[in-house]
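Asks: Sequence:
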Amino acid sequence: MFSRLTGARGRLGGFSLLSSGNFLTAVLAYLRQAEIARVFGTNWKTDAFAVALVFPTLAQQVISHAFGSSFLPIYSDVLHNKGRQAADRLASRILCWMAVAGLATIALLFVVAGRLTSFAGPGLSRETLGLSTVMLRTMLPMLVLVSATGILSGLMSCQKRFGIVGAIGVVNIAASFAAVILGHARYGIMILPLSGLAGAAASFVTALTAALRYGFVFTPLIDPRENDFGRLVRLSAPVLLGALLGFTGPIVDKILASFLSESSVTAMDYAARVRDMALALLFLPVSALSDVGLSEKAARKDMGAFGVELSSLLNWTSFMMLPAAALLSVFATPLVSVLFMRGSFDADSASLVGRTLGYYAPWLAQFGFGAVISRGFYALKNSRTPVLIGIWGTAANILLDVILVMPMGTGGIALASTLSSTAKTVLLTWTFLRMRTGISLRPVLGEHVRLVAAMAAAVCTALVLMRLLPVQLDMDFLARLGRLSVWIAASLGAYVLAAGLLRSSTLSALSTRIMKRA
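If you're matching positions, the sequence shown starts at 1 in the working numbering and goes up one per residue.
Just so you know, these hints were derived from the structure itself, not from any lab.
The reader is advised that the hints may include incorrect statements.
To be verified - Using 35 Å as the maximum straight-line C-alpha spacing, the simulated DSBU-like pairs for lysine-lysine come out as follows:
{"id": "1", "residue 1": "Lys516", "residue 2": "Lys297"}
{"id": "2", "residue 1": "Lys297", "residue 2": "Lys82"}
{"id": "3", "residue 1": "Lys301", "residue 2": "Lys82"}
{"id": "4", "residue 1": "Lys381", "residue 2": "Lys301"}
{"id": "5", "residue 1": "Lys297", "residue 2": "Lys381"}
{"id": "6", "residue 1": "Lys82", "residue 2": "Lys381"}
{"id": "7", "residue 1": "Lys301", "residue 2": "Lys516"}
As the list claims (entries may be wrong) - Computed spacing ranges between beta-carbons, pair by pair:
{"id": "8", "residue 1": "Arg225", "residue 2": "Ala185", "range": "48 to 56 Å"}
{"id": "9", "residue 1": "Ser125", "residue 2": "Leu510", "range": "45 to 53 Å"}
{"id": "10", "residue 1": "Lys301", "residue 2": "Gly343", "range": "52 to 60 Å"}
{"id": "11", "residue 1": "Leu108", "residue 2": "Leu399", "range": "23 to 31 Å"}
{"id": "12", "residue 1": "Lys301", "residue 2": "Ala237", "range": "20 to 28 Å"}
{"id": "13", "residue 1": "Leu433", "residue 2": "Asp302", "range": "18 to 26 Å"}
{"id": "14", "residue 1": "Lys516", "residue 2": "Pro407", "range": "50 to 58 Å"}
{"id": "15", "residue 1": "Lys381", "residue 2": "Leu108", "range": "27 to 35 Å"}
Predicted model only: the values in this text are computed from it and were never measured.
C-beta: ideal position from N, C-alpha, C; glycine also.
Based on the provided sequences and hints, a complete structural model is requested.
Replies: Now the structure itself:
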């Protein structure tokens, strides 16, 4: 099976493979979430699950993000300069230490689970917190499984086996979706944490099988006294601190939302999931390619090629993310009604989630740009700068949360995330430009002026159509779907037309590649 997923190793081929996998993953993720919405709606039980997710996600960030963001630059350097055997030994040592750290974290979180859920949801009822504690303990094994899967997927990315990377994500969500369908009647709301565990186990088995199939030789290694592992730990240490401090923002979000009306925590979770589905579909393929491409060029010390790659990634990211952010924000409530409004998920739920999504969605416009810049720092072995800026962004996020939550509710919490993340991206870019790398982003600035103008044309088109063809939540499903489809198609058409008239270099390059492949 795996051999059919490899090949097409150029950038466009890799992007196509990753995009195909992410598209299928996004579709399955939506179907899973739609089934959850139909069966469970938005209530105190789904609030309990949203709170239970906070700390497994935090621990996963601490274990995997701290090593994962630093792994590819060091691994690429070892692979390029010392060969495959040394690279495999480094990966084996990382996996062993991740297992040790993960098991220790699981034991700690199991003991203090009740206190953690009370901390994350102080405004929730005792019954809700009790259910949340049980859910948290159920999901704890995911920490080791997801972290190890991330490293094994990184090995596949370095080999440019992007089809397998995409397949790993598909297997995860497919197993989770199947568990929801088959188990919700028997296990009730507990199928939510159980389905996440099923997906994590299935994706780990897939990633491990693929890595071993394509030559990875695992060697149990615990001794930390190895130079390359030491370099990785030193590079990861600031990221570890940043992951710990950076995740306090989402925790504060949940704490504040727990004091709002019932279902507010769930509304934020649903809105974030819709936003993240768009992120997975449009940006994660670029993210994987940027990790590999920038790390390889930095390892070769080819700064000219590094600058070209960085500029291309920034332009391509914004070409996709800008219209997605704008249209998700403008169409938020009608879109949520089409995606989820059935069964236990009613019009009130759609309005609450849609309002939150409307303030979350603009976050997409800048997040990809900032993430690519951060990967540029990591590829150049500079993890301290993005971490310090991330800590500043977290502090700004919390301050804005406190200011905006009372007048705007969940919308204020979402807006705080968007504003603080945008400020962080601006500061990251300014700091990167001040580094003496010899890289100029002036052409990127010109291209972004054209893309923002094209996005404005799309928004104007969307607003006009919403006046001419309004959508009411009490309309039947097909009527809402039909009008929303017209809005999206016409708005995207206006975006592409405006980008073409403004002579967008990204659109021109895309058109040329499509014509060559045709």
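Asks: Checking against the hints above, which ones are violated?
Replies: none
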